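Top to bottom, those sequences are chains A and B.
Under this note's numbering, the letters of the first sequence match residues 35 to 321, in that order.
Under this note's numbering, the letters of the second sequence match residues 682 to 989, in that order.
Just so you know, these hints were derived from the structure itself, not from any lab.
Since this is a predicted model, take the numbers as computed values, not measurements.
Accuracy of the hints is not assured; some may be wrong.
Once the Cα atoms are required to be at most 25 Å apart in a straight line, the calculated DMTMM-like pairs of lysine to aspartate or glutamate come out as [as the list claims (entries may be wrong)]: (1) B/K935 - A/E105; (2) A/K284 - B/D840; (3) A/K266 - A/E85; (4) A/K53 - B/E881.
A few chain A residues that face chain B, going by a derived Cβ cut-off under 7 Å, partial list only [to be verified]: (5) T133; (6) L144; (7) F146; (8) V166; (9) Q271; (10) P298; (11) F300.
Heads up, the beta-carbon is just placed ideally off N, CA and C, and yes, glycines get one too.
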Amino acid sequence: MATERAMSGRPGRGLLIAKRIGSYALLVAVAFVVLFPIYITVVNSLLPTREILARPPTFFPTSPRFSAYTEAFGAGHLGRYLVNSFIVTSLITAGQVGTAILAAYAFAFLDFPLKRTIFFAFLATLMVPFEVTIVSNYDTIVNKLGWGDSYQALVLPFLATGFAAFLLRQTFLGVPRDLRDAAALDGYGHLRFLGRVVVPLARPTIAALSVFSFLLAWNQYLWPLIVTNDEKYRTVQIGLKALRGESLDKLDVVFAGTIIAAIPIFVLLIVFNKQLVRGLTQGAVKG
Amino acid sequence: MTAPTNAPTLVRRRRRRREVSLAYLLVLPSLLVFALFAFYPLVRTFQEGFYLVSPQGERIRFIGFEQYRNVLTSETFRNSMWVTAKFVLITVPGGLILGVALALLAHRQLKGIAIFRTVFSSTVATSVAVASVMWLTLIGPQFGLLNYWLGREGAEAIDLLQDPNTALYAVALSTIWQNLGAVFIIMLAGLQAVPDDLLEAARIDGAGSWARFRYITLPMLSPVLLFASVILTLNAFQAFGQIDLLTPGGGPLKSTNVIVYDIYDKAFRGGSSDVGVASATAGLLFLILLALTLLQFRFLERRVFYGN
Numbered sequence: 035m036a037t038e039r040a041m042s043g044r045p046g047r048g049l050l051i052a053k054r055i056g057s058y059a060l061l062v063a064v065a066f067v068v069l070f071p072i073y074i075t076v077v078n079s080l081l082p083t084r085e086i087l088a089r090p091p092t093f094f095p096t097s098p099r100f101s102a103y104t105e106a107f108g109a110g111h112l113g114r115y116l117v118n119s120f121i122v123t124s125l126i127t128a129g130q131v132g133t134a135i136l137a138a139y140a141f142a143f144l145d146f147p148l149k150r151t152i153f154f155a156f157l158a159t160l161m162v163p164f165e166v167t168i169v170s171n172y173d174t175i176v177n178k179l180g181w182g183d184s185y186q187a188l189v190l191p192f193l194a195t196g197f198a199a200f201l202l203r204q205t206f207l208g209v210p211r212d213l214r215d216a217a218a219l220d221g222y223g224h225l226r227f228l229g230r231v232v233v234p235l236a237r238p239t240i241a242a243l244s245v246f247s248f249l250l251a252w253n254q255y256l257w258p259l260i261v262t263n264d265e266k267y268r269t270v271q272i273g274l275k276a277l278r279g280e281s282l283d284k285l286d287v288v289f290a291g292t293i294i295a296a297i298p299i300f301v302l303l304i305v306f307n308k309q310l311v312r313g314l315t316q317g318a319v320k321g
Numbered sequence: 682m683t684a685p686t687n688a689p690t691l692v693r694r695r696r697r698r699r700e701v702s703l704a705y706l707l708v709l710p711s712l713l714v715f716a717l718f719a720f721y722p723l724v725r726t727f728q729e730g731f732y733l734v735s736p737q738g739e740r741i742r743f744i745g746f747e748q749y750r751n752v753l754t755s756e757t758f759r760n761s762m763w764v765t766a767k768f769v770l771i772t773v774p775g776g777l778i779l780g781v782a783l784a785l786l787a788h789r790q791l792k793g794i795a796i797f798r799t800v801f802s803s804t805v806a807t808s809v810a811v812a813s814v815m816w817l818t819l820i821g822p823q824f825g826l827l828n829y830w831l832g833r834e835g836a837e838a839i840d841l842l843q844d845p846n847t848a849l850y851a852v853a854l855s856t857i858w859q860n861l862g863a864v865f866i867i868m869l870a871g872l873q874a875v876p877d878d879l880l881e882a883a884r885i886d887g888a889g890s891w892a893r894f895r896y897i898t899l900p901m902l903s904p905v906l907l908f909a910s911v912i913l914t915l916n917a918f919q920a921f922g923q924i925d926l927l928t929p930g931g932g933p934l935k936s937t938n939v940i941v942y943d944i945y946d947k948a949f950r951g952g953s954s955d956v957g958v959a960s961a962t963a964g965l966l967f968l969i970l971l972a973l974t975l976l977q978f979r980f981l982e983r984r985v986f987y988g989n
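All chains should be modelled from the sequences, with the hints used to inform the complete structure.
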C-alpha cells in the first residue's frame, strides 16, 4: 500500500512508459471499434455482392474493384442526387443565415412596438418540431400549392429558424453600443452598420452557424422523402434509400453510394472542424 | 431663433418612424416562414385531428376530442409510445455514457491525441441515412457481421432486424453510433472547461481518480450533460430515418414502429392513408415534446452546477 502511494505520487519511469503504452492500446482499440462500420462499408463497396454474402466474410479485399462507384453514378443517378443536395442545402443555409442576421439585428439594435412578443414567437418555433407539422405542411405545399417534386418544396419551409436568430441576437448584443453611435456620426445607416461592422465582428458565430445549418440541411430525410418522387429532385439521402430498394442483388453499389454520400460532409468536417465544434458546443459550455 | 426648436423633434420623430419600419422589415422574412410553415400547420394539425378524414383526404365529419380519445386508447398508439419510450431509454443513456467515456479517454496530454479526437468525432459527419446503411454491414439480413458472429455458436441463423425481440435494439445501436461523434465533441469541450488546478488540488489532497471524477468532473460537467440529454431525447422522439431504412414498415410485429414512423405510416404510406388519425397523433406528439422540454429543464435545473 505504502509503496503504491509513493509510486502514484512520483511514478517511476518504467511505470510511466507502461501506462502510456496502455493508454495508446486502449485508444487504438476504441478507435478501431468506432471506425469499424465505416471500414467494412468501404470493403464491401469494393467486393462483388456474392463475396459480400460469402461466409466467412472478407475483411481485406485482395482484388478490389471500383465498378460499384461508376455504377452508383451511372445507373444509380448519384451525380444528380448530389447536385440536388448541394442546391437545396446551399439555398437553405444561405436563407437561414440571411434571415437570422436581419432579424437578429432588429432584436439587438432597434426598438419597435411588440418587440418582446415577436421575439417570443421566434423562440416558440423552437418548440414546434417539423415532424409534428409534416402532415399539414404536405397538404399545403403538395396538395394546395402543387409543389411536389420541386426545389421550392424542399427549401422554403426551412428558410428561417428561431435558433439561428436567437444565437445571432446573443452575439450581436455583445457588440458595443458605442460602435453604433460612432458609426452613426460617420453617417452610417443601420444597414451599412450591419454589413460593415456587425457582421464582420460576428463572423466566427456566423461561420459556425453556417456549417451547422449546412450539416443539418444536408442530412434531412423525412421531408425530402415525402415531397420527392421524381429522381430529378431527389436528394442524396433519399437516393440511398432508392438505391437500397432497387438493387437487392447489387449490395456493392448501395455501399459505394453510401461512401459517396458521406464524403462531402467528411470533407466539410475536416475543413471546418473548428466551426463545427463551436456550433455544436454553443450554449452547451457557456451555459 | 425660436423656430428651429421644433425641427429636431420632427427629424427625430421621422427617424424613429423609419427605424420602426426598418425593424419590421428585418423580422418579416423570418416571421413569414414561421407563420406559413410552423404556426399555421400546427394549428391545422390540431384542427384536422378533430375530423374523421377519408382516405382521399376529405373531411367526413367533425368528431372532436373523440378522435384523440380513440388514438390514445388504440393499440397502435400505445405500442408506438412504448416503442418510442424504450428507444429513448436505450439511446439517451447509452449515448451519454459512451460519449463521456470517449471524451475522458481523449482528454489527455498524449502525442498524436488529435488524431484520436478526429476519429472519435468522425461519426458526426454521417447522416441518418448514411449511418443506417453503413450499419447494414453489421445488422443487415444475410450479410450482417453481427448476425454472423452471434449466430456462429447456435444452430439457428440470427437476423437481428427480423426478430421482434432484437430489432429495436439493433436500430438503437446504429443510432447511438451515429450520435456518438456529436456527443463526444460536446463532452470533450465540457471536460476542457474543468479547471486543471482544481483536479490537481484534489489529487494532492489524496482523492483517487474515481473520486475526482465523481465529485469534481461530473458535477462540473452537469450543464453539458443536461444540454446533450435534452438534444438526444428530442432527437430520439423524432427518430424516423433509421426505422425507415433498417426496418421499413415499422419492424417485425411493429416492434420498431416509433411515433413519427406511425404518423408517416398513417398519412403517407399508400393504402392506410388516414390524415385525421395521423394529425391527432402528431398533435399528441407535440404536447409530449412540449411537456418533456419544460419538465426536463425544470427538473434538472435544480441539480445542475452552473458555477458559483
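Exercise for the section: Hint by hint, work out which the structure violates, then give me just those numbers in ascending order. Expected result: Hints 1, 3 and 10 are the ones this structure does not satisfy, whereas the remaining hints hold.
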